[in-house]
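Each chain, written out:
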Amino acid sequence: MDLAGPINGALRRVPPWSLYIVAAVPVIWVFWAGATGRLGVEPVEAIEHRLGLWGLWLLIAGLCVTPIRRFTGVSLIRFRRAVGVTAFFYILAHMLVWLVLDVQILAQVWADILKRPYITVGMAGFLLMIPLALTSNNWSVRRLGPQAWQRLHRLTYGVALLGGLHFVMLRKGFQLEPLLYLAAILGLLALRLVPKRGRRAVPAE
Amino acid sequence: MAHRWTNDLTHDDVTPERAWLNRRQIIAAGGLAGLAATGLAPRATAAPEGLKPNTWEEITTYNNFYEFGTGKGDPAENAHMLTTSPWSITIDGLVDRPGDYSFEEVMEGMTVEERIYRFRCVEAWSMVIPWNGFELADLLDKVGVKAEARYVAFETALRPDEMPGVRFPVLDWPYVEGLRLDEARHPLTIMATGIYGRDIPNQNGAPIRLVVPWKYGFKSIKSIVRITLTEDEPPTSWNKANPREYGFYSNVNPEVDHPRWSQATERVIGSGLFARRQPTLMFNGYEEEVASLYEGMDLTENY
Ligand code: HEM
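If you read the sequences in order, they're chains H and R.
Its first residue numbered 12, the first sequence is counted upward by one per residue in this note's numbering.
Its first residue numbered -8, the second sequence is counted upward by one per residue in this note's numbering.
Next comes chain H alone, as it looks inside the complex (with noise of 0.2 Å):
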């Protein structure tokens, strides 16, 4: 039986927007649940590590689109755009905490950016999705042409990649959590390695 083209007449009747509403509502959750001490005793740590948690699992759920696709028939690609631009605001958000409430001190800001590796890794990572973000809307898809802006997008995976890295780096001694997480991201990019059946056997993008 095949499921796939009933999930996607059903998802072509959710408008994509939707998606911004939705992811609002964690964020204005998780900062008044720390203002009302519902995170318990250290409420910028909890808000500062939630919105990067969350962030992540956004990146990641960007690159199970193309792969949900490819091997189920599932097309999710019109909420793609606004799953990576919700992940970049969350990151934002994750990096402001981290600037106003947690170091506040500015020329410790750029002391700890500089000296610490893993926060220059989840700089690294944030830069990169700069140009992303700019660039998720049709006007810059329709300037860049639609080959030049997808290798641009490829980006993404190096996003990912680095806010992994940036999430194992950051843990304390041995820890199982983030492995998980960046093998779930490399598991993810090598997905797109398969060579597709009845081409041949070239990396897809």
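Source of the hints: derived by calculation from the structure; they are not laboratory data.
Hints may contain errors.
[Said to hold, decoys possible] Counterexamples of contact, computed for chain H against chain R with all Cβ distances above 12 Å:
#1 V25
#2 V111
#3 I141
[Unchecked claim] Within a straight-line C-alpha distance of at most 27 Å, the following computed BS3-like cross-link-like pairs (lysine-lysine) qualify:
#4 R:K231 to H:K126
#5 H:K183 to R:K231
#6 H:K183 to H:K126
[Said to hold, decoys possible] If you want the footprint, here are the derived chain R segments under chain H, 3+ residues with CB under 8 Å:
#7 48 to 55
#8 58 to 67
#9 153 to 166
#10 243 to 255
#11 277 to 285
Where is the CB? At the ideal position from N, CA and C, for every residue including glycine.
Please arrange chain R with the ligand on chain H, whose structure you already have, making use of the hints.
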């Protein structure tokens, strides 16, 4: 030998019992309105230097105790699994009377005092904690330290059935720590068995833990099952895991940066979402008491 040090933070600096016992009910009763009704300040009065002592809730829900999980809330959630009675400590190595001492035997002849100490984690956060405990020096005297001994090694319990965190080698279990003998004998160094006059909760290192207030928190090893007097510097867990980041001494020092965290300032737990960071004090504010231990030593080398 007890009472060799007195608090500059006094009992008045600690949250009055009714304040911390009632905090949850106060929050449940509707936040600020509830507070106004009970006529209690949400926090204790400030100590002379402006320090705000931490509540029972803060001290017992925000912990690093990786044997029970790496999240700050994991120990409070999981540590109830630890059997703390009966408990015994093996005291061996260069001592006159080695052996397995039951918790009760350890406590025999010890004078339990209240010590209100600053507590500074290497992750750049801090609390003020009213410990109950006895001076480690008294225990060392009880078992008799041989003249050749120069260091004290400590070991935390390792119980895979009771400690979900040890199933994965986050660290090379069991957790081990060490002090130089003169550090161990210092009047500030205590073995804590209580907080706020109650038995120490499992997540804080029940039934007995070390507290060395001028060093980063990870030196203050929890749930101790072995104390060994040695001639050579003993291995310590974080140093084994990452020698570039964690040294043997690990004295609180705002001038020596850790590769992961600047140590110049700290976030005071419980001060809320918009609080400013506080400057970190040399030796965590105990410079007068302990600086002489390290005279002539390069503290950047011996971090
Ligand atoms: C691709 C971009 C990024 C991703 C995916 C990401 C993800 C994460 C994740 C998953 C965590 C750990 C959460 C947890 O422990 O539960 C985290 C923590 C953290 N991130 Fe990021 N992050 C990114 C960028 C940044 C940037 C740009 C900065 C600052 C310049 C930053 C600073 C931090 C800090 C300070 C922590 C906490 C470290 C600690 O508590 O020891 N991150 N991040």
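Hints versus structure:
no., hint, result
1, V25, "35 Å, holds"
2, V111, "9 Å, violated"
3, I141, "26 Å, holds"
4, R:K231 to H:K126, "23 Å, holds"
5, H:K183 to R:K231, "13 Å, holds"
6, H:K183 to H:K126, "17 Å, holds"
7, 48 to 55, "holds (count 4)"
8, 58 to 67, "holds (count 3)"
9, 153 to 166, "holds (count 4)"
10, 243 to 255, "holds (count 6)"
11, 277 to 285, "violated (count 0)"
Of the numbered hints listed earlier, those contradicted by the structure are 2 and 11.
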